[in-house]
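Colleague: Sequence:
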Amino acid sequence: MGLVRDAWRLTGLYGAYGRRLEAEVRGGDIPGHVAVILDGNRRWARGHLAVPAAGHRRGADAVENLVDWCEEFGIRTVTIYALSAENLGRGGAELGELYELIRMRLEKLLADPRIHQRRMRVKGIGRTELLPGPVRDALARLDEATGSYDSRFLNIALAYGGQNEMVDAVRKIAAQVRDGRMRVDDIDKSAIESNLYTSHLPQPAPDLILRTSGEKRLSGFLMWQSAYSELVFMDVFWPEFRKIDLMRAIRTYQKRKRRMGR
17 MGLVRDAWRL
27 TGLYGAYGRR
37 LEAEVRGGDI
47 PGHVAVILDG
57 NRRWARGHLA
67 VPAAGHRRGA
77 DAVENLVDWC
87 EEFGIRTVTI
97 YALSAENLGR
107 GGAELGELYE
117 LIRMRLEKLL
127 ADPRIHQRRM
137 RVKGIGRTEL
147 LPGPVRDALA
157 RLDEATGSYD
167 SRFLNIALAY
177 GGQNEMVDAV
187 RKIAAQVRDG
197 RMRVDDIDKS
207 AIESNLYTSH
217 LPQPAPDLIL
227 RTSGEKRLSG
237 FLMWQSAYSE
247 LVFMDVFWPE
257 FRKIDLMRAI
267 RTYQKRKRRM
277 GR
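Here the sequence shown is numbered in my numbering, starting from 17 and rising by one per residue.
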């Protein structure tokens, strides 16, 4: 009985802390764009003696929760790093299972009435042409169904690499110069930003970039856009990510003084 009482006491303390933290966060500056590096799915699976696919499934569930929590706090733009260009080299059954999971979750998003109620534009960013046909098809249908929405934005980075994004932007600009649509002297920050994967966003630069699993690097994520982002690294594997973790990250963001290089 003592263990049961202690569990209930801890649950009560956790609930009280969560409510106090939420009130504190809601009283501060809420980031307009939050980007998340979803890290730790496979390590979570190993720690639970499960196959990697189980970690990816739990991680996909955590993404759905994240989107709902961001909506609760009025965060307009969410960008998630789901699959890097380097991940495509894994091969084997794991990558095939991951592709199928991504396809299924994209289909689920397409059928979710909340996406349309919130007028959320959902877009894949990265070298999505490298993805299997069924995944590309699901992304295309999501883009078509939500392309006119402008209240909320969900960006899913797939086959993404920050260096690849810069290379692709340079190629687009070079083509515009070659075709006479732009002069070399016209190339400035705005020209580059208009050719990045995030050019469709009203706020391409994240206020806050969060990475789970304890790793303290961006791994090339949003290299240009992250110039003045606040970075938060958390020692929690992505499948275990909770609302209270998001609130702690927002509180950390709120306590920092953002000078934007000034």
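Read the hints as simulated data drawn from the structure, not as lab findings.
Misleading hints may appear alongside valid ones.
In silico DSBU-like cross-links for lysine-lysine, where the CA-CA straight-line distance does not exceed 35 Å [unchecked claim]:
id : residue 1 : residue 2
1  : Lys205    : Lys271
2  : Lys259    : Lys124
3  : Lys124    : Lys273
For each label pair, taking beta carbons as the anchor points, the in silico distance ranges come out as [to be verified]:
id : residue 1 : residue 2 : range
4  : Gly90     : Asp128    : 16 to 26 Å
5  : His64     : Arg106    : 17 to 27 Å
6  : Glu40     : Gln179    : 17 to 27 Å
7  : Tyr33     : Pro129    : 52 to 62 Å
8  : Ala243    : Lys271    : 15 to 25 Å
9  : Asp77     : Glu40     : 41 to 51 Å
The beta-carbon is built from N, C-alpha and C at its ideal position, and this holds for glycine as well.
Colleague: Now look at each hint and say whether the structure bears it out.
Modeller: Hint by hint, here is what the structure shows:
1. Lys205 <-> Lys271: With Cα atoms ~29 Å apart, lysine 205 and lysine 271 stay inside 35 Å; holds.
2. Lys259 <-> Lys124: Distance of about 22 Å is within 35 Å: holds.
3. Lys124 <-> Lys273: At roughly 39 Å apart (the allowed maximum being 35 Å), lysine 273 and lysine 124 break the hint.
4. Gly90 <-> Asp128: 16 to 26 Å: holds (19 Å)
5. His64 <-> Arg106: 17 to 27 Å: Distance hint for histidine 64, arginine 106 holds at roughly 20 Å.
6. Glu40 <-> Gln179: 17 to 27 Å: At roughly 38 Å between Cβ atoms, glutamine 179 and glutamate 40 fall outside 17 to 27 Å, so the hint is violated.
7. Tyr33 <-> Pro129: 52 to 62 Å: Cβ of tyrosine 33 to Cβ of proline 129: about 33 Å, so the range 52 to 62 Å is violated.
8. Ala243 <-> Lys271: 15 to 25 Å: holds (21 Å)
9. Asp77 <-> Glu40: 41 to 51 Å: Taking Cβ atoms as reference, aspartate 77 and glutamate 40 lie about 27 Å apart, which means the hint is violated.
Of the hints listed earlier, those the structure fails to meet are numbers 3, 6, 7 and 9, in rising order.
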